[in-house]
Amino acid sequence: MVHARISYRIPIIRSTTPDRLQCDRDANHKVSEIDVEVDETDSCEYEGEEPVGKTSTVRVWKIAMSEWKFLMLGGLGAATYGAVYPVNGLLIGVSMKLYSETYKTKHEMLHDVRYYSLYLRILAVVCCGAITLMSYGYGVASNRLTARIRVLTYGAMLRQKVGWFDLPHNSSGSLVSRLASDSTVLHSMASENLSRAVVGVATAAVTLALSFIYSWQMTLVMTGIVPLLVGCNFMRIKNIRGQVNAKTSNNADAAAASLLSEAIDAIRTVASFGMENSLVAQYTSFLDASNEQDKRTGMSGGIAFGLSQGVLFLSLALIFYVGGYWVTKGTVNFYDLFTIIMIFRSPEDRPDRTGSFSVSMASQGSVDGTKAKQAAANVFKIIDRVPEIDATSTAGTVLPTIQGDINFRHLTFAYPSRPHARQEYGYRAAGAIL
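Quick note on UniProt numbering: the sequence shown kicks off at 1 and runs consecutively.
Any given hint could turn out to be false.
Listed below are the simulated DSS-like cross-link pairs for lysine-lysine, each with C-alpha atoms no more than 25 Å apart in a straight line [stated by the list, open to error]:
no.	residue 1	residue 2
1	K371	K381
2	K161	K381
3	K371	K295
4	K329	K97
Just so you know, the hints here were simulated from the structure itself, not pulled from any lab data.
Using the sequences plus the hints, can you model the full thing?
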């Protein structure tokens, strides 16, 4: 409880609530001296870290929708880029059939090869333009989203009371680290994850459309194993990113970064009190905790990766077995079989991407959604936090411009992190209001 005796040469002020003042002015502007008792129990009481509730990323997208033109531009580029992959496989599959047509003359063969070569060059130009369009559109939108989020978060930090910054989890190093890392995650969500999802949907749609034209039987077989491959890749990515463990975020790294930042900022104090060894030991303990978590994540990720690779090659064996059986029965043409395989093939020639590989990439984005939701919750927890005393608020009665003297008598106070350590007993101060 903070007690203060205040003398005003201003109209009478009556305190109706701890944070609202109402002013009554009499006709003669009489001077009155009153005692004001302010309850600061809540402010002086140590507050632990506030729980972070679940926040949907829809609110982030609402902020980003102001850049809908750039999002549409990036979406157009991403959809075009996704269609390039199956079209590339189609051209390669048709070219394989062309080279086996030995009955054609040399002139006819060169004529057809030049046409397919021209198609591939046109496809290369389209791919280059699509990537440029996708990167520009999503890049501008995500950068502007990050700027808005950082401005809102920083403005909310400046509105908080002084005691809020005395809490351990609100140190300057921790706030700066969260301001940078959370905004970076939201930046990735609005650019990388969104582009990956659009590319995946476009690739899957064009792949199925082209494959059904050549052989609906093989297309159904290839489509049937895609969920299995996607599930294996999803499990592998989820384990590698540490999402399977109960602890979804590595708090030890954040604690180590905060400790390092605070130690560097107060290096004179550290050197004066000889705290080097203790800080190094504490920093090492944080790194050891982070190392243990990384080991567990690496072990589970390795097992998941091995399982996904095993299922992949078993799926390839099934494709060639069923395809060979249908080729011998005359149900499927040999060239159509390999054309479909090339359409489903990854342009990077990576076996772990076979079978509509971009759908697996889209599933990787869904794993990042957990981290994006956590970052959004951290950001909006600060933005939505209403301080007890908001210096920027215009609510309540606005006092007129006045001049007078103010005197404080018998004033005591305590820091929120040390509520029982009273400071400056019987403190007195006087000043003028200009």
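Structure-based check of all given hints:
For a cut-off of 25 Å, the pair hint linking K371 to K381 stands: about 15 Å separates their Cα positions. Taking the CA atoms of K161 and K381, the gap is about 15 Å. The hint holds against a cut of 25 Å. In summary, the hint linking K371 to K295 is supported, as the alpha carbons are separated by about 20 Å, within the 25 Å threshold. Taking the CA atoms of K329 and K97, the gap is about 20 Å. The hint holds against a cut of 25 Å.
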